[in-house]
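Trainee: All residue numbers in the sequence shown are consecutive under full-length UniProt numbering, ending with 300.
Hints should not be assumed to be uniformly reliable.
Claimed, not checked - Think about it this way: if two alpha-carbon atoms lie no more than 20 Å apart in a straight line, the pair counts; the simulated EDC-like pairs of lysine to aspartate or glutamate are: (1) K88 to D144; (2) K121 to E133; (3) K4 to E33; (4) K74 to E87; (5) K121 to E132; (6) K103 to D38; (7) K74 to D102; (8) K74 to E98; (9) K4 to E49; (10) K158 to E176; (11) K4 to D38; (12) K4 to E60; (13) K34 to D102; (14) K103 to E72; (15) K186 to E170; (16) K103 to D192; (17) K121 to D144; (18) K88 to D38; (19) K7 to E33.
Just so you know, the hints here were simulated from the structure itself, not pulled from any lab data.
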Amino acid sequence: MGGKAEKGTPKWLANRMKAKGLQRLRWYCQVCEKQMRDENGFKCHTQSEAHVRQMLLIGENPNKHIHNYSVEFKNNFIQLLRTSHGEKRVHANQFYQEYIADKGHLRMNATRWVTLTEFVKYLGYEGICRVEETDKGLYISWIDNSPEALRRQQSIIKRDRQDRGDEERELRMISEQVERAKRVAKDSEQEDQNVVKELKRNENKISISLSKPSVHTENASTSLQEDERSHSGRISCIKKQENVFKTLAKSTPPKQIQNKEKRPLTTAEQIILEETEERRRKEMQRNTRFDSKRRRVHLG
């Protein structure tokens, strides 16, 4: 009457409905995989013949069973993490709530890990997951160490190296082209400078004016030239005090003198001649005055 309900009966279904959802972990028997709803039910279960028989079997080699439970728990945990989140980062406690949502999951009390933090640290130490400790708690992300993933990573690394090598090769070619262009430009500049030096002449600038010069400007320019020549002639005459005609006769041959006598005198030469004649006249007057004074002195 008060025995276990057979599977599929209304009593079994009612018990399943009552046991819907998670209940107290302390009232769960991992050996028998049975959840009790209260402390009295758990006490009665531990005194049952089936539970005692299972505990006797486990007591023969408890470390072996604990190891098996630990491996199974780890595999189930990693399998759910890989299928649900992949390599994304997720909060450890939130993911554990997803794991224990299944009533038939293996409880951590049956494993060698006492707390979730200890289990997460173990996963990080073994290189199974990446573990990050933040202010909000521990975050875990699965590391794909499968041969396909390793092969895929190697191909990605190889492709990156090839791309990097191509980029370095392109940069090297570009730098070589730039240096070559600089050398060519420098050589062309040197050639241009040499050509400019060869063609450079020390000559006065030639200015061409198409407009008709005015009479006033011509007179002004000629007057300036005559003044300069007269000034230079005066200075030379004062310094040397020589006769112009004597110097011309000494420096020029007879043919050149005849040619010069034939050509008309310029205004500057006329001015010089007039000044010399005026000076000669003044000297003659001075000499005559001096002679007359001497005569007067003798006569007196």
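Trainee: Confirm or reject each hint.
Mentor: Status of each hint after checking the structure:
1. Straight-line distance between C-alpha atoms of K88 and D144 comes to about 11 Å, which keeps the hinted pair within the 20 Å bound.
2. Between K121 and E133 the alpha-carbon distance is near 10 Å, which keeps this suggested pair within the 20 Å criterion.
3. Taken as a hint, the K4 and E33 pair is honoured in the structure, with Cα atoms around 15 Å apart against an allowance of 20 Å.
4. With a C-alpha separation of about 17 Å, the suggested pair K74 and E87 falls inside the 20 Å cut-off, and the hint holds.
5. The hinted pair formed by K121 and E132 meets the criterion: a straight-line CA distance of about 10 Å does not exceed 20 Å.
6. With a C-alpha separation of about 17 Å, the suggested pair K103 and D38 falls inside the 20 Å cut-off, and the hint holds.
7. Only pairs whose Cα atoms come within 20 Å are accepted, and K74 paired with D102 is accepted, the gap being roughly 15 Å.
8. At most 20 Å may separate the alpha-carbon atoms for a hinted pair to count; K74 and E98 meet this at roughly 15 Å.
9. Note on K4 and E49: the hinted pairing holds, with a Cα-Cα distance of about 13 Å set against a maximum of 20 Å.
10. Distance check on the hinted pair: K158 and E176 sit about 27 Å apart at the alpha-carbon level, beyond 20 Å; violated.
11. Between the alpha carbons of K4 and D38 the distance comes to roughly 17 Å, so the proposed pair stays at or under 20 Å and holds.
12. Pair hint K4 plus E60 does not hold up; C-alpha atoms about 28 Å apart against a cutoff of 20 Å.
13. Pair hint K34 plus D102 holds up; C-alpha atoms about 14 Å apart against a cutoff of 20 Å.
14. Distance restraint check for K103 and E72: the Cα-Cα separation of roughly 16 Å lies within the 20 Å cut-off, and the hinted pair is therefore satisfied.
15. Straight-line distance between C-alpha atoms of K186 and E170 comes to about 24 Å, which puts the hinted pair past the 20 Å bound.
16. A C-alpha spacing of about 92 Å is found between K103 and D192, which places the hinted pair above 20 Å, so the restraint is violated.
17. Proximity of K121 to D144 is assessed by CA-CA distance (about 18 Å); at most 20 Å being required, the pair is judged to hold.
18. Taking the CA atoms of K88 and D38, the gap is near 39 Å; set against the 20 Å cutoff, the hint is violated.
19. In summary, the hint linking K7 to E33 is supported, as the alpha carbons are separated by about 16 Å, within the 20 Å threshold.
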